[in-house]
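When you get a sec, could you build the whole thing from the sequences and use the hints?
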Amino acid sequence: MVSTLTTSLADVASSGATLRAFLHGLPGVDRVGADQRAAMLGTRSIKTTAKAHAIDLAISMVDLTTLEGADTPGKVRAMCAKAAHPGDGAPRVAAVCVYPDLVAVAAEALAGSGVKVASVATAFPSGRSSLEVKVSDTALAVAAGADEIDMVIDRGAFLSGDYTKVYEEIVAVKAACGDAHLKVILETGELSTYDNVRRASWLAMLAGADFIKTSTGKVSPAATPSVTLVMLEAVRDFRDRTGRQVGVKPAGGIRTTKDAIKNLVLVNEIAGDEWLTPEWFRLGASSVLNDLLMQRQKLATGRYAGPDYFTLD
Amino acid sequence: MFEYAPAPESRDVVDIKPAYGLFIDGEFVDGSGPSFKTVNPATEEQLAEIATASSDDVDRAVRAARKAFGVWSALPGSERAKYLFRIARIIQERARELAVLETLDNGKPIRESRDVDVPLVAAHFFYYAGWADKLGYAGFGPDPRPLGVAGQVIPWNFPLLMLAWKVAPALATGNTVVLKPAETTPLTALLFADICRQADLPPGVVNIVTGAGETGAAVVAHPDVNKVAFTGSTEVGRLIARAVAGTDKKLTLELGGKAANIVYEDAAIDQAVEGVVNGIFFNQGHVCCAGSRLLVQESIHDELLDALKRRLGTLRLGDPLDKNTDIGAINSAEQLARIRELSDSGEAEGARRWSPACELPERGYWFPPTVFTGVAQSHRVAREEIFGPVLSVLTFRTPAEAVEKANNTPYGLSAGIWTEKGSRILWTAERLRAGVVWANTFNRFDPASPFGGYKESGHGREGGLHGLEAYLDV
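For the protein sequence lines, the chains are D and W, in the order given. Convert by adding 110 to the 1-based position in the first sequence; the result is the number in our numbering. Read in our numbering, the second sequence has 99 at position 116, and its numbers run on one by one without any break.
I should point out that these hints are in silico values taken from the structure, not numbers from a laboratory. Any given hint could be a false lead.
25 Å max Cα-Cα, derived DSS-like pairs, lysine-lysine [to be verified]:
no., chain 1, residue 1, chain 2, residue 2
1, D, LYS161, W, LYS306
2, W, LYS404, W, LYS388
3, D, LYS408, D, LYS157
4, D, LYS185, D, LYS328
5, W, LYS292, W, LYS306
6, D, LYS372, W, LYS292
7, D, LYS372, D, LYS328
8, D, LYS368, W, LYS306
9, W, LYS306, D, LYS408
10, D, LYS368, D, LYS161
11, D, LYS157, W, LYS306
12, D, LYS372, W, LYS306
So this is what it looks like as structure tokens:
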């Protein structure tokens, strides 16, 4: 999908000039067309058996998240209990996502459950600190038992055109991750254009991201369907080009079962069903889980239970 | 795998009668010709018996329209507007019923009739309702007068939308109409007749006569018709132009097309692919302005074709009433035969044929989305209007060659340009001889925008301010 380039991808980051030339050589994204396509896919009607399958799949892809200043070990333990056993035979979620200082609590609570522990790092959510601090933030989380690191890119550097700085930070954080998976948060709400979203996606993938993630959840707009669509196109094209598959995680603003299912439709029709597993697609969210559980029960019993039948954790 | 379960729209929202008469002077009356069947092209199941209007019936309809013209044209514009606004609102209220009926009779996916056809129909009535009391400010003098009785003949590809394009401006300007819907898709026009009654439109302002070509010919040839408006094939358009020649009838024709969709190497590829798909596979390619010729710059030919083929693999063909269907049925056995004949000629003349893996239903009229590569300008599939889901792919090397090839057709209805460079859009658009040029989009319609062709794609404009002129004595 990338126009003919003589340099191999390995050399792309060899200088600021080649990196810039590569990213600016990617085909543009037409906003009107991308929005139209995302809106059309939003009209897909997922009913009965397809809906039941989609709800369980969506639950298994949730990164159940709490990222508040008021988080405590007690709050994190409660969320972990829900993550491992959402109830009524629903599958466990993919991961919990917490701040680095609470990773140890989550790791202990989830030991043996199969639910991964993800931690935000690198001066989340703004990313405004030195590389040294970002790397030690990452190392702290990994040492405490994080399986996955959700880092933020330096949007200031990206918007000022310093792609090399963004690239090198991702490479450094990836090194600090060791065996932990690296999700790179683009904060698309601050990148503003879809062209930037596509460039930032490629930049992150070139630097070694295992996942690209839309947002911190602290900036609006967050995971809009159009942005997720552009990122799904990017991972699809990247695999065509390099053979390496990268995951996608929309995060922020996914609140209802409908939102979640729309995301699965996007994955299905843009990247393809090879991405339709928790290994390659995640939903960063918190409140969506209860709505998924409620719709799941409605589908099984034909009735809605009241909200009090679903736990607030 | 994520299989979508069937999600059919309920057909219980429409009540199809076993037989329909003609709508003349505000009443449903029997036709004197032999009745004919209208079928669901997706299943070949009979939907209803339809009356045929003889030339006597057409004469009655024209006389009713003439009588109503006196009353209707004498109403203040603001009063006519009230009726049109009322019709527009009823269309919105009965949108689901209209969409389901359109899909049953035409074969188009419910997603399109629900999200495109019916909303545009309502928008068209709203738009022209707004003009009815402002005609003095439209640039045709302080008090432009209507023409009289308009005879209108419409096609089967957008049955209700084409009705709206014809009826709304005619009524807004004070004319009355005798409209003949297509033989294979009369049902939504007959439901529209019911909407006219519900809106208390004065009898005779709208008359609907059903039948085949002979009925249409009688409408066009009637001596007391002042204005003829036709949308359909260039072949029939020629017959109509001949029939009208030498009379003082005003004529607008909206005919065929063989539009070029030009994709430059610097286009936003993913959206260009969407535009190509939307350009030719929207409404099974039964679109006069369809982008049936893809002109792609040689340097991105392989890349674009790979992306296009991958995308076509995700199109969902099947039950038009299923809300997830992208490609519905071909409207008639006759049209299917024409599409097959032209596609076979493509192969015979040396173009390469490709379709995604897709299962066609056993009953009904179906044709898979089809792409011809290696097409030359001289191939029939590059020159003749197929009016089906068949795309011909040609290449070009320079912008000048793109324009030359795009214009090298007897048609000139529409064209598309795909590039991220604004100056190239303007350069190309200035040189394309087509009535509508879309830039980085395709098949977008709006009642405020005029629509019509160059060359053998017809003459006159429908829609927008320009659309008023065809119905005014100016």
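Taking the hints in turn, this is what the structure says about them:
1. LYS161(D) <-> LYS306(W): The hint holds at about 14 Å.
2. LYS404(W) <-> LYS388(W): This hinted pair holds, its Cα atoms lying about 20 Å apart.
3. LYS408(D) <-> LYS157(D): Cα-Cα ~12 Å, so holds.
4. LYS185(D) <-> LYS328(D): Status holds; Cα separation ~20 Å.
5. LYS292(W) <-> LYS306(W): holds (23 Å)
6. LYS372(D) <-> LYS292(W): Judged against 25 Å, a Cα distance of about 24 Å means the pair holds.
7. LYS372(D) <-> LYS328(D): Cα-Cα ~22 Å, so holds.
8. LYS368(D) <-> LYS306(W): holds (16 Å)
9. LYS306(W) <-> LYS408(D): holds (22 Å)
10. LYS368(D) <-> LYS161(D): Holds. LYS368(D) to LYS161(D) sits at ~10 Å (cutoff 25 Å).
11. LYS157(D) <-> LYS306(W): holds (11 Å)
12. LYS372(D) <-> LYS306(W): holds (15 Å)
The structure fails none of the hints (numbered hints given earlier).
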